[in-house]
Structure formats: structure tokens, C-alpha cells
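K.L.:
Residues per chain are reported as follows:
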Amino acid sequence: MSTHIPRVDFGRRVLVLRRRRIAVRLQWRSVVVCALLAVAVAGTAVLALMTGSYPLSPGQVLSALTGRDTGIVHDIVVEWRLPRVAAALVFGAALGVSGAVFQSLLRNPLADPGIIGFSQGSYTGALIVILVVNGTYVQLVGGALLGGMATAVAVYVLAHRRGVQGFRLIIVGIGVSAMLGSLNTWLILKADLDQAMSAAAWGAGSLNGVSWEQVVIGGACIAVLLLLAGMLSRPMRQMELGDDAAASQGVRVSPARLALILVGVALTATVTAASGPIAFISLVAPQIGRRLARTAGTTLAPAAFVGALLCLASDYLAQHVAPTPLPVGIVTVVLGGGYLGYLLFTEARRRL
Amino acid sequence: MTALALRQDGPGTETVPGPRRRLLGLVVALVVLVVLLVLSVMIGSTAIAPSVVWDALFRSSAGIDQFAIRDFRLPRTIVGLVVGVALGLSGALIQALTRNPLADPGILGVNAGASFAVTVAVGLLGVRDAQGYMWFAFAGALIVTLLVLALGSTRQGSSPVVIVLTGVCVGAVLGGAREALQLTNPDAFDAMRYWNAGSIVGRPLEVVWPILPFFAVALILAFAVSGPLNALALGDELAVAQGVRLVRTRVLAVIALTLLAGGATAIAGPIAFVGLMVPHVARWIVGPHQRWIFAYSILLAPSLLLVSDILGRIVMRPSEIPVGIVTAFVGAPVLVALVRRKKASGL
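Taken in order, these protein sequences are the chains called A and B.
According to our numbering, the first sequence is numbered sequentially starting from 1.
According to our numbering, the second sequence is numbered sequentially starting from 1.
I should point out that these hints are in silico values taken from the structure, not numbers from a laboratory.
Check each hint, because a few of them may be wrong.
[To be verified] Label pairs and their calculated CB-CB ranges: (1) ASP192/A / LEU124/B: 23 to 33 angstroms; (2) ARG252/A / LEU234/B: 52 to 62 angstroms; (3) TRP212/A / VAL251/B: 37 to 47 angstroms.
[Said to hold, decoys possible] Footprint (simulated), chain B over chain A, 3 or more residues, beta carbon under 8 angstroms: (4) 132-146; (5) 198-212; (6) 264-275.
All figures in this text were calculated on a predicted structure; none of them were measured in a lab.
The beta carbon of each residue, even a glycine, is placed where N, CA and C say it ideally should be.
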């Protein structure tokens, strides 16, 4: 903290970190909330590592993680359970940030990457691979990514007319998504029941069969993308004030918007490639994060932590608590939706 | 709050047609709808000559064609008309109410409630016939919408943002439960994938008549609140300043749209997109005036539904594509073309 700069009253307690040329201004409440969420994430992760058909104690888990234990326990924890836990954590954070970017960009609390057609497009691609080509898992992932990206590009191009304006993007996204949604319903309808059910299970999003390889590659991509998102967060917040206001503050609106869309879609795409479309985290995590941190606009860090916690907890419930193992996407919907509903409910009561 | 009102270009920046042109457009829309009604009766896996159609409708004459018309095509056309009107009007209501262009009638949990109820009926209670589904769907839609309203509102009424988000949440929770049930119960999955497609085929008129009184009530309510809804578009404070009673307006509008969307979903299954798209188009034609938007939506929505249904019959003849799948393919290109051509209006 330096003293010669006049203190500004932001209306809430603010933490300023300065190191040479870089200064970061953080809100105390956000920092505390993120720290608490991180603790919750770590606790849930340890719990998930302990639970399974071979139960372990917290001590065993920790010693396996630190490498002091190298026997069967090490194999169970590091080789079998850790990839899944790491995947849930990283992918959840990615989805949370992706949703926050879109909600901020389109200034609409209902927006998520699905708005640009990515989700429906990737499901269409996957369905075609499963039902028509009858392809392998790699082909499935390729089909999903291809479908999602092609749809996102199509929506962007169709919405482009002397620049892309948020509202037009939403409407075009609705139209294209609806068409693909219909196509998906039709494909499911025409398929035989077994294939249709396995396609629907993929479509629900599942962390079954996530390997270290996927976690490392996906995690690296996501780390880079999160960094980019962090760098773009300033223009993003300024654009929440409106295109003109942002431009007058020196933000180059069109390139910034394109970059944010690319980052948001790429985050979702990475997750979809590894685990299928895990629904709803991108919609609900920014909302929950924003309400917990009580920030004025959409903020990325709380969204990321809430996303990670939500995904991790959902996967735990899907695997160990549900009577039959379920795809994680089904539980995220129930858990996230339920919790956001509770927050809204208490918020509404408080305002009485 | 401000996040929802997606108005980058202020309203009123485009030229709004005068009353005479609005009325002319309405007449044109009505003529188009009547033509489509006639075509819907004539066109099918076998085309039937107009004279035979006339005979079948207004004279008692026996024969295969007459039978096909009276027992299949006519009911189907009537169902399409009724469902279309309900979907269009409910879409216009929800968008006016929430001031959100992303809002569709399903957003308050109507579709989620209906599909959850049907899944439970099929998967757990073993109901198998479509008429059985219908009442489950209707009840599910009404109950869930009431639940959403109860959760999302305070004593002073509630902001549309909270109601919409609550609807999304409740819908998601029910959707997850439904999906879990479906993925573990192949029977339910199989039944639901057909119900989910949305269709107006094979709905006997006897199951449609009981819903009509609900629709009539909703129609009256909708036009009764159209004036206050105009004021609401300016924001809550300005609306109150103009003497609008917020809570009453919202409650009446929600009752109307729940009856409409719930009834339509009960009859035909979830037909997405009609309720979302048609009000946008209506708004672009007539400008921000709810009563006209309602009137146009009532005529345009069944037209979209009937065009889609007719196309679904002839594209893959002799087999058919359910109308719920075709609507988006017919409507989306129109929507995209319009939003590119017109200056998009946020409300």
C-alpha cells in the first residue's frame, strides 16, 4: 500500500496490492468469499478422494498426495480418483468463468455460452457421430467440437452487420440454437432406443473415463484461457456500461468483444471435448458468485470458485450418493438450480 | 435489474406504422391464416380436392377421403389453430412482463412442470395413453408456475428478474430429476422422446374442448392488462407514477400466460420457439404497443404452426415430422433475416 495516492471511497472495503508496475484492486468481500470457497473446494476434493469402494482416511489421502505413501493407496488416490477430482475442479472453474463472460458481455443474466449455439451445435455433432457414423470416442469428441465451433462461427457471422451487437447476437443465437435443438430431437426420435439413451447420457455430461491425459491437456488450455479472461476482465467490466461509454473510456469495443467471445467459447469447448456438455454451471455459477461476493457486476473469480465447487460436489453426489451412478450434468442442474433458488428466495425475503 | 433491459438503441427510434397500416397488416395476417387453415385440411399424404373437402365439411357424405378429413385433418387443424393462438399470446405476455427478449413461455417452469409430470406419470405410475398425459401435463404446468411465483415474489411484488431466475432454477431442478428418471427408466425415455418432440397429430377434439374455457379466460385477462403492460415497459417506477398497479398487473398477466402455455403444452407437448419468435416479429411490425402485439401474435403464431405442420406432412411423405421439430426450421431463418434487416428493438 502506498500513501501518496489519494484514497478513493469505493463504498466498500478494498484491498490494493502494488508491486512495481502492477497494481491490483480487490474487494475485501470478494477475497474472503473466494478464500472460503477455496477451502470448501479443497475439503470436498479430499472427501471425494476418500470415498469409493475402498474407503480411505483423510491421513491416507494426504500421505498419498504428498508422495509419502507409494503402495496401493497411492495408486487408488493418484491414478484412479485424482484425475476425476481434478477434472471436476478445473472444468467447473472453466464453465463458471465462461458463463460470467457471456452474462457480462450480453448484459443478460440468462446468457451462457449456449446462447451462441455452442452447446446445441456440439450435441448435434456428437449425435451425428453416435447415431449416423457409429464412431469411436475420439470421433465423438471431434464431431462435438466441430459442430459446436461451426455453430458458434455461423451465429457470429449471421449476427455480424457492421459489428456485432449484443441483442442481435442473442436473437440469432436463439434462432440457430432452436433449429439445432429441433434437429437433435429429430435425431433422437429416429434412433433406436439404446443408442438414443447412450447419446442422451453423453449429452448430460459425465466425468466417467476422464484420464490424466485429458486433465493435463484440458487443464493447460484452461489455464491459458483463464489468464486471458483475467486480462480481458477490465474492458469487460467497462463494456457492461454500454458500448459507447466503454469506447469513450478507451476500450476498443469490437476487438474486445470478439476476444471475449472466443475465450468464452474456447473454455466451454475444452470442457465439452473432455466430458460432454455439463449443463447449467455456466449459467448458475456467475449468479451465485455474484450474490455471495455482493459485487455490482459479473466478476470472474467468484464465478470460477463457485463453478469448481459446484462441479466437484455434484460429481461426488452423482457417484456416491445417488442410488445409481448418474452423469454429473444431471446433478449440477439440481444442485446449482436449487442453491440459486434458495439464494433468490432469501434475497427476496430480505428486501421486505 | 438494468442487466435485463437489453436496450442499446432506445425504443421509438424506428418508424412505427400508423393505425391504418397496422389494421391493414392485421387483415393480411388474418387472410393468410384462413388460407393456411384451408390448406391444412386439403394437403396431406394424399391431396384431396377442394370440392371433396367442401362435401366432407358441410354435407354428410361417406367415403375414405371424407373420413380422412373429418376424423384426422380437421381435428388436427383445429388443434393447430388453438395451440398456436395460445403459444403466441403467452409468448407476447411473458416478454412484455419480463422485458427480456430471451424469455419464452417455458421460462416460468411451464414446460419443466409439464414434462416432469408426464415423466412421472409414465415412469412411475404407468400411464400410457395420451389423454392421460394431458391432465398430468396441465396440472404439472400450473403447479410449477405457481411454485415459481410463490418462491420468486415478495409482499411488494417482485422484480421480473427474480421471477425469471427462479423459473430457470425450478425448471432446472425438475429437469434434472426428470432426466435422472428417464436415463434409468427406458420406458419413460421412450415415451418422453416422442412427447418431447411436440405434435398436434392424434389429439382428439374431446380432449381439447375442456381446455378452451381456460383459454377464453386467459384471452380476456391478456387484453385487460395490455394497457398497464405498455406502461410497465417504461420501468416499474414510471409505471407506478402512471397509476399502474404493479402486483395486480403482474399476477393477472402471469395467470393468463400460465393458462395459455400450460394448456398448449398439455395438448401438444412442448413446442418451442413459436412463443419466443412470433412476438418479436409482431413487435417489429407494429412497434411497442402491447394490444397490437397481442393481436398480431394471435394471428401469426398459428400461421407459423400450420405452415410447419403442413411442411412436416409433405417433406418426408408418406412419413411425417412432428410439428415441434419443424417450427424452428421454418421460423428461425425468418427471425435471423428480420433481425439482420431491421433495427432490433429491445422490447
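K.L.:
Determine for every hint whether it applies to the structure shown.
P.N.:
We went through each hint and held it up to the structure:
| no. | hint | in the structure |
| --- | --- | --- |
| 1 | ASP192/A / LEU124/B: 23 to 33 angstroms | holds, 24 angstroms |
| 2 | ARG252/A / LEU234/B: 52 to 62 angstroms | violated, 33 angstroms |
| 3 | TRP212/A / VAL251/B: 37 to 47 angstroms | violated, 55 angstroms |
| 4 | 132-146 | violated (count 0) |
| 5 | 198-212 | holds (count 3) |
| 6 | 264-275 | violated (count 0) |
Of the hints listed earlier, those the structure fails to meet are numbers 2, 3, 4, 6, in rising order.
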